[in-house]
Amino acid sequence: MEKKIIVCGSGGQGVLFSGVVLAWGAIEAGKHTTCFPSYGAEIRGGSSMSTVIISDEPIGSPVAESLDGLIALNELGYHRYIKKLLPGGIVVVNSSIAKVKADDRNFFEIPASELADRELGNILSANMVMIGYYIKKSGALSLDAVKSACEKLKYKKSAIELNKNALEVGYNYENKTSKGKRR
Amino acid sequence: MEKKTLMKGNIAIAQGAIDGGLDAYFGYPITPQNEIPEFMSKKLPEINKVFIQAESELASINMVMGSAVAGFRSMTSSSSPGISLMQEGLSYLCGCELPCLIVNVQRGGPGLGNISGSQADYFQTVKGGGHGDYRLIAFAPDSVQEMYDFSLLSFELSEKYRNPVMILTDGVLGQMMEPIVVAIHEPRATSHEPRATKNWALDGCAGRKPRLIRSLLMVEGELEKHNWHLNRKYDDITKSEVKYEIVGHKDADVFIVAYGIVARICKSVIKDAGSKVGLIRPITLWPFPSEIISEIASPGKKKFLTVEMNLGQMVEDVKLSVNGKSPVEFLGRPGGGLVTAEEILQKLKGML
Amino acid sequence: MKKIFSRPESLKDTPHLYCPGCGHGIIHRLIAEVIDELGVREKTIGVAPVGCAVFAYDYFNFDVTEAPHGRPPAVATGIKRVLPDRVVFTYQGDGDLAAIGTAEIIHAAARSENITVIFVNNANYGMTGGQMAPTTLIGQKTSTTPEGRIENCHGLPIKVSELMAIFDGVSYIERTAVNTPKNILRTRKAIKMAFEAQIENKGLSLVEILSQCPVEWHMNPVVSAKWLDEEMLKFYPLGVIKG
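Listed in order, the protein sequences are those of chains A, B and C. Numbering-wise (the working numbering), the first sequence opens with residue 1 and increments by one. Numbering-wise (the working numbering), the second sequence opens with residue 184 and increments by one. Numbering-wise (the working numbering), the third sequence opens with residue 536 and increments by one.
FYI, nobody ran anything at the bench for these hints, they're computed from the structure. Please note that the accuracy of each hint is not assured.
Below, computed lysine-lysine pairings styled on DSBU-like, alpha-carbon distance capped at 30 Å [as the list claims (entries may be wrong)]: (1) K226(B) with K147(A); (2) K147(A) with K433(B); (3) K164(A) with K187(B); (4) K137(A) with K532(B); (5) K433(B) with K392(B); (6) K225(B) with K737(C).
Reference excerpt, derived from the structure (chain C facing chain B, CB under 10 Å, subset only) [stated by the list, open to error]: (7) K547; (8) F595; (9) R621; (10) A760.
Heads up, the beta-carbon is just placed ideally off N, CA and C, and yes, glycines get one too.
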């Protein structure tokens, strides 16, 4: 099993953090993993991207030319990396911000920012909502593994709880619309 | 199963040095290694060790010299342009026979270049960017685990030979995170321990004759004598400290020679390329594993492919080691380009 | 018979190779006397420059290290930070401190490093053959200003003591000279004050010592001592600049 995933968005959305949570989740699941960040010069507003590879075998390059998973927190990121997605790859998009449509059965939308604001009272948790949703749709990791990962990151208890709850919100989200239109 | 922790390459270098008994870190910010001085600025004061953000890389390497002269475990880190500024200091450190650790997280060049990983400082590291006959003991890790391990072990090695150790890594390994096992270590209780074994450090001449540390030897014949002494030391290091890894079968038809991040990528290629391809991964770039390469080279039976992220540097040492016995081809990506498994496979197809 | 005068213990029994009439020999001795008087010989580590005093370690009878040109304040910083209870000083000329080493001395001052800097100003680069230094006076002839230093071509000389006084991290600066017995005695006092400032952890201390350089000034020793009085003191006034 090998999954090459990119999490992308704009600076400040917690893209790099999301990558770290996925990587720790992979360790919790006993897998090999690498997490490789890349970002622009701007502190906020520029683009941010993290490549996470999860594998049963030792991993060579931490950079992925083709993807099994794309988690796009904003529209710019989606358009930048969607061409790398392999057939059968899964893309998860934050529909609160990114207005894109696709007729691909592996294209999943979730209004992560709205959910984060409404259910958790903190719009910044949208990143964890996206991760929770992605792992549900892809089966890449279990919810327990990523929740366990939150514990590893040595933040305040309240932050850890918020992240775990956000993961659950994403994991349990049901997308009521069953079809989309052309990408 | 050993407990693993997710760590970034740059942090692994820093943590490894601390776990290896680092006393003093001096450095200047430069991308892509800023995590190292930032980490040090937080951790070293917590354990009563010295941290200074110096005014330049030039100042950093000279502060390392000061701390090393006094017998303490000293370190600096930088990236390619900053390492260029340190070349004078490296020449002095080697001439004065001072132990220390220098870390180069390579980025694209020449000049200001970019901030992506590269391998274009191989010549600078092993052929000497500074003046005079000197050698740096140079390690090339290919994983975050090795970043940690080599950093930890560098001080002992450096003190054993009274010579600087360089860890040559790059912006990709420095920025990536992967699970590693962190050593269980005894925190060093007092910084007197390493200095007790030093019969050359300058710590004030109480109870002994005054000492002198210098590389200037003007008396006729003295400098030549000193150089021959250094040469004997370098011979000893060459005999005892060569490290390399071989992946695949010794009777493969094509051997890739690569180090660091490129070797790591090649390892995944070997898996897919079958039994006809092997990999020789130099772990020490100096001393270079010429013997094993020479052993493997065989007229008519073997081919070599050197893969590097530069315009062709280590390939010259591979050719010297092969000494004409087999063809040596080259695949390179300069200027911060990251070589891909596909490119390597393509090239191999043409050679097999 | 009672011994009332001898070579300081901090000075080796090695004949100096400095030129006749040069100030270095005097300054070395003064430093050695002060170190003896303060009883810190066994705790002292000196950092030698590149310049005529590159061989200072052949004369001082305590631990001394070489440093690359201009870098002594950085090397001294490394030593003092790991051995804060030792007495660490640099000995530098005008090329070492005021040309190639300007960044290092300024930042050591900015960081308030507890080191002592002995700065020997003889208005030229002696060891390499008398070239212009940042401290060369306007009109002064050197091997690279054969017609004399001209402002619009060569710029103006640097007053190091006044420059360094700006930094809060510097506690003591004095400019002295070694061309007359009175000045020599004052220099000794200044060196002692500077080392005491270090021992009392007051920050960086600097003594700028104007020195005659007969050979490169193309004067005999007596004339050079007078030239220092008549020309150098006009631009580089003696006295305590800070502290």
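Against the structure, the hints come out as follows:
Between K226(B) and K147(A) the CA atoms are separated by roughly 28 Å; this keeps the pair inside 30 Å, and the hint holds. Proposed proximity of K147(A) and K433(B) is contradicted: the alpha carbons are some 45 Å apart, above 30 Å. The hinted pair formed by K164(A) and K187(B) meets the criterion: a straight-line CA distance of about 22 Å does not exceed 30 Å. A threshold of 30 Å between alpha carbons decides the hint, and for K137(A) with K532(B) the separation of about 38 Å lies outside it, so the pair is violated.
Distance restraint check for K433(B) and K392(B): the Cα-Cα separation of roughly 56 Å exceeds the 30 Å cut-off, and the hinted pair is therefore not satisfied. A hinted pair counts as satisfied when its Cα atoms are at most 30 Å apart, and K225(B) with K737(C) qualifies at roughly 26 Å. Evaluation of the K547(C) hint against chain B yields a held restraint, the C-beta minimum of about 8 Å falling below 10 Å. The closest approach between the C-beta of F595(C) and any C-beta of chain B is roughly 8 Å, which is under the 10 Å cut-off, so the hint is satisfied.
Among the interface hints, the one on R621(C) holds; its C-beta lies about 5 Å from the nearest C-beta in chain B, closer than the 10 Å criterion. Nearest Cβ of chain B to the Cβ of A760(C): about 29 Å, over the 10 Å cut. The hint is violated.
Consistency note: the structure conflicts with the earlier hints numbered 2, 4, 5, 10.
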